[in-house]
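Asks: Assemble the complex: chain A is given as a structure, and chain B must be docked to it using the hints.
Protein chains: 2
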Amino acid sequence: MYLIAEFLDQVRSEVDVTLDSLIPTENDEPKNLHSAIRWSVFAGGKRVRPAIVIAVGEVLGATRKRLLATAAAIEMVHTYSLIHDDLPSMDNDDLRRGKATCHRKYGEATAILAGDVLQTLAFKAIAEDGRLSYECRVRIISILATASGSPAGMAGGQQLDLDAEGRITTIEEVELIHRHKTGALISAAAASGATIADSSGRDVEAINEYASKLGLLFQITDDLLDVTQGTKELGKTAGKDISALKATYPAHFGIERTRELAVKIRDDAIAAIAPVEKNTEILKGLASFIVDRTN
Amino acid sequence: MYLIAEFLDQVRSEVDVTLDSLIPTENDEPKNLHSAIRWSVFAGGKRVRPAIVIAVGEVLGATRKRLLATAAAIEMVHTYSLIHDDLPSMDNDDLRRGKATCHRKYGEATAILAGDVLQTLAFKAIAEDGRLSYECRVRIISILATASGSPAGMAGGQQLDLDAEGRITTIEEVELIHRHKTGALISAAAASGATIADSSGRDVEAINEYASKLGLLFQITDDLLDVTQGTKELGKTAGKDISALKATYPAHFGIERTRELAVKIRDDAIAAIAPVEKNTEILKGLASFIVDRTN
Chain A
11 MYLIAEFLDQ VRSEVDVTLD SLIPTENDEP KNLHSAIRWS VFAGGKRVRP
61 AIVIAVGEVL GATRKRLLAT AAAIEMVHTY SLIHDDLPSM DNDDLRRGKA
111 TCHRKYGEAT AILAGDVLQT LAFKAIAEDG RLSYECRVRI ISILATASGS
161 PAGMAGGQQL DLDAEGRITT IEEVELIHRH KTGALISAAA ASGATIADSS
211 GRDVEAINEY ASKLGLLFQI TDDLLDVTQG TKELGKTAGK DISALKATYP
261 AHFGIERTRE LAVKIRDDAI AAIAPVEKNT EILKGLASFI VDRTN
Chain B
11 MYLIAEFLDQ VRSEVDVTLD SLIPTENDEP KNLHSAIRWS VFAGGKRVRP
61 AIVIAVGEVL GATRKRLLAT AAAIEMVHTY SLIHDDLPSM DNDDLRRGKA
111 TCHRKYGEAT AILAGDVLQT LAFKAIAEDG RLSYECRVRI ISILATASGS
161 PAGMAGGQQL DLDAEGRITT IEEVELIHRH KTGALISAAA ASGATIADSS
211 GRDVEAINEY ASKLGLLFQI TDDLLDVTQG TKELGKTAGK DISALKATYP
261 AHFGIERTRE LAVKIRDDAI AAIAPVEKNT EILKGLASFI VDRTN
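Residue numbers (this note's numbering), protein chains in the order written: chain A, 11 to 305; chain B, 11 to 305.
By construction, these hints were calculated from the structure, which means they are not laboratory data.
Any given hint could turn out to be false.
Okay, derived cross-link-like pairs now, DMTMM-like style, lysine to aspartate or glutamate, Cα gap no bigger than 20 Å in a straight line [said to hold, decoys possible]:
no. : chain 1 : residue 1 : chain 2 : residue 2
1   : B       : LYS41     : A       : ASP173
2   : B       : LYS41     : A       : ASP251
3   : A       : LYS41     : B       : GLU16
4   : B       : LYS41     : A       : GLU175
5   : A       : LYS41     : B       : GLU183
6   : B       : LYS41     : B       : GLU118
7   : A       : LYS41     : B       : GLU185
8   : A       : LYS109    : A       : ASP232
9   : A       : LYS41     : B       : GLU182
10  : A       : LYS115    : B       : ASP173
11  : B       : LYS41     : A       : GLU183
12  : B       : LYS115    : B       : GLU36
13  : B       : LYS294    : B       : GLU16
14  : B       : LYS115    : A       : ASP173
15  : A       : LYS109    : A       : GLU185
16  : B       : LYS41     : A       : GLU182
17  : B       : LYS242    : B       : ASP101
18  : A       : LYS274    : A       : GLU219
19  : A       : LYS41     : B       : ASP173
Rough simulated footprint, nothing fancy, chain A against chain B, three-plus residues with beta-carbon under 8 Å [as the list claims (entries may be wrong)]:
no. : stretch
20  : 115-127
21  : 156-163
22  : 220-234
For glycine and all other residues, C-beta sits at the position ideal for the given N, C-alpha and C.
Just chain A, with the same shape it has in the complex (with noise of 0.2 Å):
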C-alpha cells in the first residue's frame, strides 16, 4: 500500500528545493525584501497545493520534474494570499503556521512588497520552465490567473470574505466564499496537473469533479479544526470564525454532522475518480489525508 505520509513527506522536500531555487536569497538586495518572502514562503505549510499538482499529474502519466516549477509556483501564490489575508487591515493575524506573521516581522509595507513579488515570482515560474512547451505554459498561466483573480478566484474569494464579516451569512454564501477564496487554486493545482500529463476528455472530467470535492473538503475541514483545535495546534489564532460571527459548517451543522458531511464528502472525491482507469491510489490517499489532518 502506497503511504501517502511518505508522499506528502517527498514532495514537500522536492517543493522546497524548488522554491528556493527559484526566489532571490537573503542576500540578494533589498535584503530584507527577500528575508520577508523567505520567512513565509518556508513557515512550514504542508505543501497541499503541490502535492495535488504532483499526484494529478503523476497519475495521469507525467513526471515529476516537468511538475515540479508549478507546483512550486501554486504554493507562491497561495502564500501570497496568506501574507495579504493575514495584513492588519484584512484578517489583523499575528501568527501564521506557529510563526510571527510576515507583517509582525518585517512591517506593513515590507510584508505587502513580499506578497506582491511573490505573484510575480510564481508567473514568472512557469513562463521560463524549458521542460513545458509554450503552449502548455501560456495555458497553465491562463487556468493560475483565472483562478487567483476575480470575479472566479481567490482575491475575489477574499473581497466575499471580508464583505461578509461580522453578519451571519447562510451556509450557501459560505459555500459561494470558499469556492472562489479556497476552492479555484485547489481546482487550478488539479487543472494544472492534468494538463501537463496533455490529459483530455473524461480523464480531466473527473479530476475536475475530484477537485472540486477536494476543495470543499479542506474547508470543511478547516472549519473543523478552528473549533476544535487550539491555537498552538494549529499554528494560527484559534476559535477566529466563531469570533468574527463566520457561518461555517460546525456553527450550522454541529460538530458531529460536519464531520460526517466531510467523510460523506471524502467518500464523493474518491466516487469522482471513479472513471480514470490509472491507479488512482495517491488521489485516494489526499482525500483521506485531508479529512484526517490535525492543522
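Replies: Coordinates of chain B only, in the frame set by chain A:
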C-alpha cells in the same frame, strides 16, 4: 510632421477600450472590488507605458491590434503599483491623478486586493491574447515578470525607496532605485513591443538603449515636476520628495542644471535609436513629450 499629441490621444482611447474589455465590470461580484479597480485604472492616466509598447512595436513593424493587450497589461501592472505605493504603510498618499487614492475611497483591504487582482489580470491578458504565438506570450510574460518583481524590478525598487526614506542618499543610489522602480517597467514596455514585432539583433539593442534613457528621463522630469508644480497641476501631492528628505536630481544639481540634464538625456535617447533603419519619428516625439510634460 507626425503629431505626438495626436498619437498619444489615439493610444489612450484605444488602450482604454482594451482595458475596459479586460477588467470585470462593476456589476460582477464582488462589485466593490471591481469598482475599486476601475476607479484607479480609469483615473485619467497618460498611458505613457502603453504608448511605448505601441510606438516601439509599430516602428518595428507590428500591427497595433497585436500590441494592444500587452500595452494594457503593462498599464495594469503600473496601476497596481500606484495603488499599493499610495497605501498608508507605504507613501501614505491621499491624492492620485487629481482624485482620492484607491484606499481613501474604498478602504485599505479592498485597495490591496484591487492591486493584487490587477497584477493577476495583467498576466492573464497576455496569456490569453490569441493574436500572439504561444512563444511570444511566454517571452512577454517573462519580460514583464522580471521587470515588475525583485531583485531586478519595480517591487524591489519600491522596497529600496522605502529603505532610503528619511535619509539623504547619493545620486548614484537614487539612480539605482529608479532604474528598478520606474526604469525596469519602461524598458519592459519597449522590449515587449520589440518582441511582438519579432525584432532581433541591432534593432533590439538600440531600442533597449533608447528605453533605458527614456526611463531615466521620466524620473528626472518627475523630480522636476515635484518641485516646480503645485498639487493641483500634478494631481498628486507636490513637494513630497523634499519632505521625505529624498535625494533627487533638483536637490543635487539645482533646477536649472537638472533641466539641462533632461534635455541632454532626451538627445541621448534620440541618438540611441539612430541605428534603427526605420521611420523613428514617433520614438523621437515620445522622448520630447516626456521632457516637455507638465504633469
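Asks: Next step is simple, just say for each hint if it's right about the structure.
Replies: Right, here's what the structure says about each hint:
A C-alpha spacing of about 11 Å is found between B/LYS41 and A/ASP173, which places the hinted pair at or below 20 Å, so the restraint holds. Proximity of B/LYS41 to A/ASP251 is assessed by CA-CA distance (about 24 Å); at most 20 Å being required, the pair is judged violated. Straight-line distance between C-alpha atoms of A/LYS41 and B/GLU16 comes to about 44 Å, which puts the hinted pair past the 20 Å bound. Taken as a hint, the B/LYS41 and A/GLU175 pair is honoured in the structure, with Cα atoms around 16 Å apart against an allowance of 20 Å.
The straight-line distance between the Cα atoms of A/LYS41 and B/GLU183 is roughly 16 Å, inside the 20 Å bound, and the hint therefore holds. For the hint pairing B/LYS41 with B/GLU118, the CA-to-CA distance comes to about 16 Å; that is within 20 Å, so the pair holds. For the proposed pair A/LYS41 and B/GLU185, the alpha carbon gap of about 18 Å is at most 20 Å, so the pair holds. Between A/LYS109 and A/ASP232 the CA atoms are separated by roughly 19 Å; this keeps the pair inside 20 Å, and the hint holds.
Between A/LYS41 and B/GLU182 the CA atoms are separated by roughly 19 Å; this keeps the pair inside 20 Å, and the hint holds. For the given pair, A/LYS115 sits about 16 Å from B/ASP173 by alpha-carbon distance, which is consistent with the 20 Å threshold. Pair hint B/LYS41 plus A/GLU183 holds up; C-alpha atoms about 16 Å apart against a cutoff of 20 Å. For the hint linking B/LYS115 to B/GLU36, the alpha-carbon distance of about 15 Å falls within 20 Å, and the restraint holds.
With a CA separation close to 14 Å, the supplied pair B/LYS294 and B/GLU16 stays within the 20 Å bound. At roughly 16 Å between alpha-carbon atoms, B/LYS115 and A/ASP173 fall within 20 Å of each other, so this suggested pair holds. Among the hinted pairs, A/LYS109 with A/GLU185 is inconsistent with the structure: their alpha-carbon atoms are about 29 Å apart, more than 20 Å. Under the criterion of a C-alpha separation no larger than 20 Å, the hint pairing B/LYS41 with A/GLU182 is consistent with the structure, at around 19 Å.
Between the alpha carbons of B/LYS242 and B/ASP101 the distance comes to roughly 18 Å, so the proposed pair stays at or under 20 Å and holds. Of the pairs offered as hints, the one joining A/LYS274 and A/GLU219 holds, with about 15 Å between alpha carbons and a cut-off of 20 Å not exceeded. A distance of roughly 11 Å separates the Cα atoms of A/LYS41 and B/ASP173; the hinted pair therefore holds under the 20 Å criterion. Judged by the Cβ-Cβ criterion of 8 Å, the stretch 115-127 of chain B is covered by chain A as claimed, because 9 of its residues qualify and three suffice.
Evaluation of the coverage hint for the stretch 156-163 of chain B: fulfilled, as 6 residues show C-beta separations to chain A shorter than 8 Å, against a requirement of three. Counting residues of the stretch 220-234 of chain B whose CB lies closer than 8 Å to any CB of chain A gives 0, so the stated coverage by that chain is violated, three being the minimum.
Checked against the numbered hints given earlier, this structure breaks hints 2, 3, 15, 22; the rest are met.
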